[in-house]
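**Q** For reference, the chains in residue letters:
Number of protein chains: 2
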Amino acid sequence: MSEQAPAAAGGGRRRRGRRRAATDGAGTGGAAAVIEQPPFRQPKLPFSPTELLSADELESIHHASLQVLSEIGVDFLHEEAKELLRRGGAEVEAGSDRVRFDPALVEETIGRAPAAFDLHSRNPAHKLRFGDGRVTFCAAASAPNAFDLQGGRRPGNRADYRNFLKLGQMLNAVHMFGGYPVEPIDIHPGVRHLEALSDMLVMTDKAIHAYSLGRERVVDAIEMTRIARGVDRETLLREPSVLSIINSSSPLRLDTPMLEGVIQLARHRQPVVLTPFTLAGAMAPVTIAGALVQQNAEVLAGYVLCQTVEPGAPFVYGGFTSNVDMKSGAPAFGTPEAMRAAIIGGQLARRYRLPYRSSNVNAANSLDAQAGYEAVFSLWGAIMGGVNMLKHGLGWMEGGLQTSFEKFVMDADLLQMVAGFLTPVGTSPEDLAMDAMREVGPGGHFFGCAHTRARYKTAFYQPLISDWRNYESWEEAGRPQAPEKANQIYRDLVAAYEPPPMDPAAREELEAFVARRIEEGGAPTDF
Amino acid sequence: MSEQAPAAAGGGRRRRGRRRAATDGAGTGGAAAVIEQPPFRQPKLPFSPTELLSADELESIHHASLQVLSEIGVDFLHEEAKELLRRGGAEVEAGSDRVRFDPALVEETIGRAPAAFDLHSRNPAHKLRFGDGRVTFCAAASAPNAFDLQGGRRPGNRADYRNFLKLGQMLNAVHMFGGYPVEPIDIHPGVRHLEALSDMLVMTDKAIHAYSLGRERVVDAIEMTRIARGVDRETLLREPSVLSIINSSSPLRLDTPMLEGVIQLARHRQPVVLTPFTLAGAMAPVTIAGALVQQNAEVLAGYVLCQTVEPGAPFVYGGFTSNVDMKSGAPAFGTPEAMRAAIIGGQLARRYRLPYRSSNVNAANSLDAQAGYEAVFSLWGAIMGGVNMLKHGLGWMEGGLQTSFEKFVMDADLLQMVAGFLTPVGTSPEDLAMDAMREVGPGGHFFGCAHTRARYKTAFYQPLISDWRNYESWEEAGRPQAPEKANQIYRDLVAAYEPPPMDPAAREELEAFVARRIEEGGAPTDF
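Protein chains in written order, with my numbering: chain A, 322 to 848; chain B, 322 to 848.
The following block holds chain A by itself, in its conformation from the complex (with noise of 0.2 angstroms):
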């Protein structure tokens, strides 16, 4: 087959140093150098999400959180919530955190959040859509450490985090980063938000996600957002611009600084992702209906109060529940159980008419097939649940312990492999291919038919990593590894990197705040 002439004109899928695409805008830039992808884009579902539970079955759990929001409730660790709440017509027990719902209470603030929203970045290439079966790929967020083939596993860093950056501007399967790709530890906590925001919005840009840790960081983040944009206040109400996850402290808790990244983001009209950190036989029960009915109640908690401070504010349902291992209590990613929550998490979400956050978690320790299939089945979980946010979308390892930059390529190369699932089937008469069937005809082939011809080239996706060459050829080139493989692709794209474009006056604005704010002593580290 190989002598056909499609093959033989394909090209190679690396072509490194052949071609130099201008920037385009949209920061796929000096990668065409290094690798092919496809552009810049959110895929839309083509289909129905999957529905795992029946229409009363759904029912059951909404009944059975609106009960346990009204029964036992769920304490609120800030004194300004709990107020909010009071007034609102939440009952707040006297000299204590505990603060019940009415059932009407939630059921009226229900249709309050917009079902979309557009999220802004300094690039207006890469606006996002949050909802309308929209999906947006993150990069992993939050390892406290970071790993490559070459430096093996080491705490997180400022080099290492500012590597992913360059990474995931480059690779057009990032969409926004969810936050930091790995936790830059060697600057100090009172000012790294201001260290690290600014490396992200002048090194990037796409749109950009912050840590709720306290009032002062989440409004320098909404501020420094603003002027890497160049838009006024007045703008940014109207157009949200950062976002934050905001994890309960399972169960039926949520904690000061994420209280307070509610109540700034709401009152800023900046999206709030409310995220339960519900893994079912620790911190939620060991059934999955059980797990996901106080998932739904903390989720319907926060969307409250959100709702409460700022009728309106953006909103979105994150799903995390998942499984530990019962025998170690470690968390595990991918599993069966992991996968139906996901599917029943966009049951939920859906219910309420929100956008549905879900991720791309495994708990592998090395990028071996564990990685890749814990990995899928997350996606699996995910895309037919319906998920608008993919947190961790690339990059996560070891349950949230590692960022990995060979992970991070080989889920570029996963997420486009998603995206390209998630696109249309054409059946135009072209695409029904009647006039090719003729052509060749019983017995013949199809290599070298005119319809062939014309579409070999975009057909089939491309793959940056699996390895399609027969096994003697593959021999022969050393038996390369996936891990190899991705390695080589993320230390060309890293020095491939170039700037996206930034207007002088706001770069020199940002500096002048984060300086400022330096100057001030940042944040308070002491909660």
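No lab work stands behind these hints: they were computed from the structure.
Backbone N, C-alpha and C fix where the C-beta goes; we use that ideal spot for every residue, glycine too.
The reader is advised that the hints may include incorrect statements.
Mimicking DSBU-like on lysine-lysine, the simulated pairs with C-alpha atoms at most 35 angstroms apart in a straight line are [stated by the list, open to error]:
#1 K648/B to K365/B
#2 K487/A to K648/B
#3 K778/B to K448/B
#4 K487/A to K365/A
#5 K365/A to K365/B
#6 K365/A to K448/A
#7 K487/B to K365/B
#8 K448/B to K365/B
#9 K778/A to K448/A
#10 K487/B to K648/A
#11 K365/B to K648/A
#12 K487/A to K778/A
#13 K648/A to K778/B
#14 K648/B to K365/A
#15 K487/A to K448/A
#16 K778/A to K648/B
#17 K448/B to K487/B
#18 K365/A to K778/A
#19 K487/B to K778/B
Facing chain A, according to a computed beta carbon distance under 8 angstroms, are these residues of chain B, among others [what the hints assert, rightly or not]:
#20 T371
#21 V389
#22 A651
#23 A757
#24 Y782
Starting from the known structure of chain A, arrange chain B on it as the hints suggest.
**A** Below, chain B without anything else, positioned relative to chain A:
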């Protein structure tokens, strides 16, 4: 977390030498000394398969297939088949193998085959349901090479073949053998089917598949299955007990040995699984829709022949559409194109009220991350497509050129995860866990609560391969990788193999039959 009682009491996953359950008639026997595994059980889809095409788009595929059948036609390289089709109303071109089908003839045949049927095996506990949302996992078939870490890659041989039978018998995830897991090429082709099928029928008690390599082999396989089951001919006609995959020689051609198979199987009312080998860009159009039109036309052509020979004979719609790498011509699997084709294939099968066959395939040369993610992408397409018969479910590597012992074990793990995913999520009051949340309350933990203690042993799927230890423990253990873990389990299971009980009279009759047919010279090898 690890100090909690449930974790400490959980026991080890591997309990080699500590427990040896009595053979339970379902083939787990000595396996319990090596691994914990869920019982032999066919999962059932608890949700509607994904609809990737709208009803109208699906009809456009159907109508284009009818147009292919009526206008272009299909070559049938078999005089009797042509005569049967001519008498059935098809138009056979004079002096040619070309057969054309009037759309009305095809339409009136639809609905004749059963929407579901049982496939019997010699152990009634291993009887399978084809259709009704049930899924059958088959071992890989037909690879010319075997692989394990000790012996590397080598040509298929009877010793490896028999070890795959042992392994498949011990693993409950194997519901049936889908042909020879590896081709025992050290047995002469004229008698290979006799020796190899005899091994399979004696060493295992699961349902089987025989190859359609001419009339004699198919008739021998049917007779051997009847003898092994200890039933008479009338029972066998009522109870499908051996099936065969019929691959068309795409495009639009069915060859002599395969057509012998269709005719003999239909006459004996044994199931035909018609699976076109439609690799887009090579043996089928380069567009997904075009490849599916051709796949569908080929399936329908074989279906009409089958139902012409024996109205009501069981028939399975086989989909194997993937794409080739346009640079090398090599087949690719687990691709976005294959996933979409697998899902639409299921829509077509349901349109014709036929059980659906798809596959768990990949093109990796070694058990690295690629093997993991390509396999799960394949599974994703198959399962969400509503697969009933998952061919090559365990062991397949290298696009079918290799069956790997390690991959076989890893696939048992993947398939058990899929089965776990397909297990309905309970929403009873106990599942909703209100009492547990009341007991634990905000800020507590669920490790020790009564709800958890009652369920922790069986709440979550316990993987065979995934390593969930933390990085430090894993590093101290020598950084074990998935293939090494799978290798140990495979060798322990083969060592622990116990032959399933067999009626001595049936075994004697089977041996006598094989001896007689070998004496007679076996089957022709000149096609």
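**Q** With reference to the structure, classify each hint as holding or not holding.
**A** Comparing the hints with the structure gives:
1. Using a Cα cut-off of 35 angstroms, the hinted pair K648/B and K365/B is violated, with the two alpha carbons roughly 40 angstroms apart.
2. Between the alpha carbons of K487/A and K648/B the distance comes to roughly 30 angstroms, so the proposed pair stays at or under 35 angstroms and holds.
3. Of the supplied pair hints, the one linking K778/B and K448/B holds, its CA atoms being roughly 29 angstroms apart against a limit of 35 angstroms.
4. With a C-alpha separation of about 26 angstroms, the suggested pair K487/A and K365/A falls inside the 35 angstroms cut-off, and the hint holds.
5. Restraint check for K365/A and K365/B: satisfied, since their Cα atoms lie roughly 29 angstroms apart, inside the 35 angstroms limit.
6. Pair hint K365/A plus K448/A holds up; C-alpha atoms about 15 angstroms apart against a cutoff of 35 angstroms.
7. A C-alpha spacing of about 26 angstroms is found between K487/B and K365/B, which places the hinted pair at or below 35 angstroms, so the restraint holds.
8. Taking the CA atoms of K448/B and K365/B, the gap is near 15 angstroms; set against the 35 angstroms cutoff, the hint holds.
9. For the proposed pair K778/A and K448/A, the alpha carbon gap of about 29 angstroms is at most 35 angstroms, so the pair holds.
10. Of the pairs offered as hints, the one joining K487/B and K648/A holds, with about 30 angstroms between alpha carbons and a cut-off of 35 angstroms not exceeded.
11. This hinted pair checks out: K365/B and K648/A have alpha carbons roughly 29 angstroms apart, not beyond 35 angstroms.
12. Only pairs whose Cα atoms come within 35 angstroms are accepted, and K487/A paired with K778/A is accepted, the gap being roughly 29 angstroms.
13. Distance restraint check for K648/A and K778/B: the Cα-Cα separation of roughly 9 angstroms lies within the 35 angstroms cut-off, and the hinted pair is therefore satisfied.
14. At roughly 29 angstroms between alpha-carbon atoms, K648/B and K365/A fall within 35 angstroms of each other, so this suggested pair holds.
15. Taking the CA atoms of K487/A and K448/A, the gap is about 19 angstroms. The hint holds against a cut of 35 angstroms.
16. The hinted pair formed by K778/A and K648/B meets the criterion: a straight-line CA distance of about 9 angstroms does not exceed 35 angstroms.
17. Between K448/B and K487/B the CA atoms are separated by roughly 19 angstroms; this keeps the pair inside 35 angstroms, and the hint holds.
18. For the suggested pair K365/A and K778/A, the alpha carbons sit about 23 angstroms apart, so the restraint of at most 35 angstroms is met.
19. A threshold of 35 angstroms between alpha carbons decides the hint, and for K487/B with K778/B the separation of about 29 angstroms falls inside it, so the pair holds.
20. Because the smallest distance between the Cβ of T371/B and any Cβ of chain A comes to about 5 angstroms, under 8 angstroms, the interface hint for this residue holds.
21. Restraint check, V389/B versus chain A: the minimum CB separation of about 6 angstroms is within 8 angstroms; hint holds.
22. Evaluation of the A651/B hint against chain A yields a held restraint, the C-beta minimum of about 5 angstroms falling below 8 angstroms.
23. With a cut of 8 angstroms, the hint placing A757/B at the interface with chain A holds, because the nearest CB-to-CB distance is about 5 angstroms.
24. The beta carbon of Y782/B comes within 5 angstroms of a beta carbon in chain A, closer than 8 angstroms, and the hint placing it at the interface holds.
Hint check: a violation occurs at hint 1 only; the rest are consistent with the structure.
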